Amino acid sequence: MCSPNPSAFRIIRAAVFVCGLSFATVVVPGTSQSNLPESLAGTTVDALKLSEGRVVVMLFVRTDCPISNRYAPTIQRLSEKFRGRANFWLVYPDAAESAASIRLHLEEFHYAIPALRDIHHTLVNRAQATITPETAVFSESGKLVYHGRIDNWYEDFGRSRPAPTTHELEDAIRNTLDGKSTSPEHASAVGCYISDLK
Amino acid sequence: MNFAFIRHTRTCFLCLAVSIFSFVVVTFAERRQSPPIASRPVTFSQDIAPIVFRSCAPCHHSGEAGPFSLVTYGDVKSHARQIADVTNRRLMPPWLPSLDGLQFEEDSHLSGEQIALFEKWVADGSPQGDPSQLPPVPKFSSGWQLGKPDLVLKAAAPFSIPASGSDVYWNFIFRSPVNLSRFVKAIEIHPGDKRLVHHANLLVDRTQSARRKEKSPGSGFAGMELQIESEAFDPDGHFLFWKPGSSPIVEPPGFALRLDAGNDLVLNTHLQPSGKVESVQPSIGVYFTNEPATKFPVLLQLENDRALNIPAGENNFVVTDEFTLPGDVQLLAIYPHAHYLCRDMVALARSADGTEKTLIHIPRWNLNWQAVFRLAQPEPLARGTTIVMRYRYDNSSDNVSNPNNPPQRVHGGNRAVDEMAHLWLQVLPSDSPGDSRDPRMTLQEALSRHHIENNPADFESHYNLAAMLQARGAPLEALQHYRAALALRPGDATVENALGGALLAANRVSEAIAHLNAAASARPDYFDAHYNLGIAQGTAGNFSDAVRELTTAVKLKPDDAGAEANLGAAFAALGDNQKAILHFSRALQLDPGNTLARENLEALRGGGADRH
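One line per chain: the protein sequences are A and B, in this order. The letter at position 146 of the first sequence is residue 284 when you use our numbering, and the numbering goes up by one with no holes. The letter at position 579 of the second sequence is residue 587 when you use our numbering, and the numbering goes up by one with no holes.
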């Protein structure tokens with residue numbers, strides 16, 4: 139069965155454990171903060187507040203973006219590598235993508251990372267995200283320390299390296315966990331434009 | 009004289025005036041076209057949908073290669089900026105040739121005006137406009153585009169693509185159940201899940217040579233490049249190619265492809281991991297015709313892989329090849345091919361008088377979008393025209409496609425980390441008056457000689473040239489080139505067999521036996537080698553040896569009338585008439601027209617003298 143890890147969250151009002159995905163989602167029922175992203179159960183979630191005191195990694199993806207999808211094994215691998223040290227969230231910014239289609243997407247790509255629907259682009263703005271796939275790393279104090287590409291695998295649409303030669307996301311997480319500043323703070327990503335979703 | 013001169017000047021003056029006038033009109037017309045777009049919003053229904061339906065939707069709809077659909081207003085709006093960006097930078101629609109070469113079918117270039125419309129649509133807020141102005145939404149069928157095929161072949165087993173990693177190249181063998189020669193007017197390739205397949209090339213394997221690469225029958229085999237063996241001069245002059253968005257080709261009348269009993273079709277696919285484990289199981293639809301082939305195109309290959317010796321870090325390494333046509337041809341299609349380091353490709357036709365015409369220019373090569381480019385109109389190329397291939401390679405770290413990090417010295421080869429410099433041309437050779445030879449043969453012979461001149465260690469060219477020389481009755485020179493091929497690949501069963509066969513034809517029986525023995529020991533299940541060796545032993549009077557080899561041949565290929573007939577003859581020579589009759593009869597069952605079996609059988613049954 140699933141092995142929830144409630145200690146990962148400081149504030150727990152009610153926990154819904156999603157079996158098969160082996161992560162815990164925290165639901166804030168009946169909140170009035172309607173611009174906050176939603177969990178797949180349809181309740182609002184303040185991901186940053188929930189993860190206070192921990193490094194937070196957001197990954198902006200959409201179900202139909204081929205570059206997002208090709209990154210799924212990399213994203214999953216990184217989330218496993220930093221399990222227990224950084225909280226990973228998959229953020230779906232497309233209002234047209236239903237919770238059901240996202241659930242299917244998580245299952246298809248073997249994601250075991252909690253997913254949020256950021257239909258009001260609250261997290262998009264907070265993370266200064268413009269592309270899917272794009273990442274944002276927040277320090278323990280909630281400061282945005284890196285945003286942009288995961289690595290340099292893609293140079294442009296249809297033009298990728300056989301393997302990435304720089305690893306901006308991994309470097310940023312490690313530096314932040316080590317209490318070091320990370321550089322660069324931003325590197326442009328290649329993929330689908332979030333602004334097209336407005 | 010004087011009068012004529014004045015008239016001439018006036019005429020000229022008039023011409024000049026007309027051309028200035030038309031120039032002004034054109035400029036004015038362009039200026040006049042702009043204001044309407046500037047003065048009203050660009051809308052999906054009126055301006056964008058016609059472009060998207062024609063140029064994007066054929067790939068971008070459900071079940072096709074495009075990763076997302078671009079059919080409805082919502083689809084297109086949710087990718088509007090991305091579309092404006094990728095069209096503006098001409099990354100989409102994918103189309104490699106620039107406009108300075110010949111015109112090709114399915115040219116998907118967008119005009120500058122169309123690209124500007126996307127930009128303005130985004131700037132205007134991507135409005136839908138009046139839905140009543142929407143052109144008819146294209147209807148796409150997911151089945152066979154050419155209708156129900158006469159024969160559908162499905163790969164025996166699916167191939168599993170890992171979730172991540174570099175591109176994968178996999179070959180599927182389709183075993184054709186056709187048991188008599190048929191002509192094929194079209195083959196529609198369904199590569200499987202089209203999102204995963206970058207391109208696919210189908211080759212006819214007349215000798216089942218690719219099967220030797222499979223670990224078990226039907227398993228398929230890995231490999232970026234595919235080489236097919238042919239036992240005789242019988243070139244397939246057709247490109248059977250699939251890429252995303254391409255329509256299946258029906259060969260024009262007379263251009264049918266011959267498919268014989270026992271032929272295999274081998275599909276070479278370029279696959280890309282999607283982020284999850286995927287599976288592809290291609291199928292092909294074959295469409296027969298009763299019209300036999302009357303026109304025989306040839307695939308000419310220019311190449312210079314030997315010159316590929318690119319130092320690490322070199323960003324401007326040029327490789328060329330030049331071949332002068334020995335006869336007139338019509339150019340029908342072009343397939344340029346290189347791997348990941350190539351940046352820029354040019355193919356030119358240089359006439360005998362030195363004038364050059366660009367056939368194709370690919371200023372930004374991208375292996376992912378490689379294609380066969382079919383000419384909108386056949387291009388006549390006269391005898392004496394030189395085809396020039398000029399490719400430029402970038403082996404620096406600035407080339408993001410570089411498979412090596414850090415860059416390494418790269419040579420020519422078949423692996424993805426090796427390079428290639430190939431230019432394939434599909435041409436239709438014209439018969440040359442006064443030359444009774446097959447013009448295809450003249451072309452291929454000239455090309456093989458050219459390759460050998462470029463690279464004396466070119467195994468395939470020595471072998472092919474030898475086979476052609478043998479076929480056209482120049483056995484002495486054929487032997488030279490077979491020997492050269494054998495020196496390059498000592499012990500190669502195919503060459504040992506061909507050389508043995510050529511020696512046997514030249515009546516040099518003991519030399520023939522030595523080479524045929526080598527072929528049969530190198531590949532014990534090689535029917536041709538045992539068959540030829542049996543005949544050679546019989547010719548030498550070693551009938552017991554002949555019986556042994558031909559018995560093996562019959563076991564390997566029980567439906568071969570020739571092997572049965574010769575085995576019968578060997579038994580007859582040994583005086584075993586009972587077995588002789590048995591094998592002659594089997595030969596006649598397999599092929600009632602087998603003369604050797606019929607005449608011998610008549611002789612034996614009639615109690616007459618042995619015909620040996």
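By construction, these hints were calculated from the structure, which means they are not laboratory data. Some hints here could point you the wrong way.
Said to hold, decoys possible - Pairwise CB distance ranges, derived in the manner of DEER restraints:
| # | chain 1 | residue 1 | chain 2 | residue 2 | range |
| --- | --- | --- | --- | --- | --- |
| 1 | A | Glu323 | B | Gly155 | 38 to 48 Å |
| 2 | B | Ser116 | A | Glu323 | 36 to 46 Å |
| 3 | B | Lys365 | A | His324 | 43 to 53 Å |
| 4 | B | Ser224 | A | His324 | 33 to 43 Å |
Said to hold, decoys possible - Just a sample of chain B residues kept apart from chain A, beta carbon distances all over 12 Å, derived:
| # | residue |
| --- | --- |
| 5 | Gly82 |
| 6 | Lys85 |
| 7 | Ser405 |
| 8 | Ser409 |
| 9 | Ala424 |
Here the structure is a predicted model, which means the values were calculated and not measured. Quick reminder that beta carbons are idealized off the backbone N, C-alpha and C, glycines included.
Now the hints, each set against the structure:
Hint check: glutamate 323 (chain A) to glycine 155 (chain B), Cβ distance near 58 Å, so the stated range 38 to 48 Å is violated. A C-beta distance of roughly 39 Å is found between serine 116 (chain B) and glutamate 323 (chain A), which places it inside the suggested range of 36 to 46 Å. The supplied range of 43 to 53 Å is met by lysine 365 (chain B) and histidine 324 (chain A), whose beta-carbon atoms lie about 48 Å from each other. Judged by the Cβ atoms, the range 33 to 43 Å given for serine 224 (chain B) and histidine 324 (chain A) is violated: they are separated by roughly 52 Å.
Look at glycine 82 (chain B): its CB is around 7 Å from the nearest CB on chain A, not clear of 12 Å, so calling it non-interface is violated. The beta carbon of lysine 85 (chain B) sits about 7 Å from the closest Cβ of chain A, which is not more than 12 Å, so the claim that it is off the interface is violated. Its beta-carbon lying about 8 Å from the closest one in chain A, serine 405 (chain B) breaks the requirement of being farther than 12 Å from that chain. With a minimum CB-CB distance of about 7 Å to chain A, serine 409 (chain B) fails to clear the 12 Å threshold, and the non-interface call is violated.
A cut-off of 12 Å between C-beta atoms contradicts the statement that alanine 424 (chain B) is not in contact with chain A; the least separation is 8 Å.
In this structure, the hints that do not hold are numbers 1, 4, 5, 6, 7, 8 and 9, in rising order.
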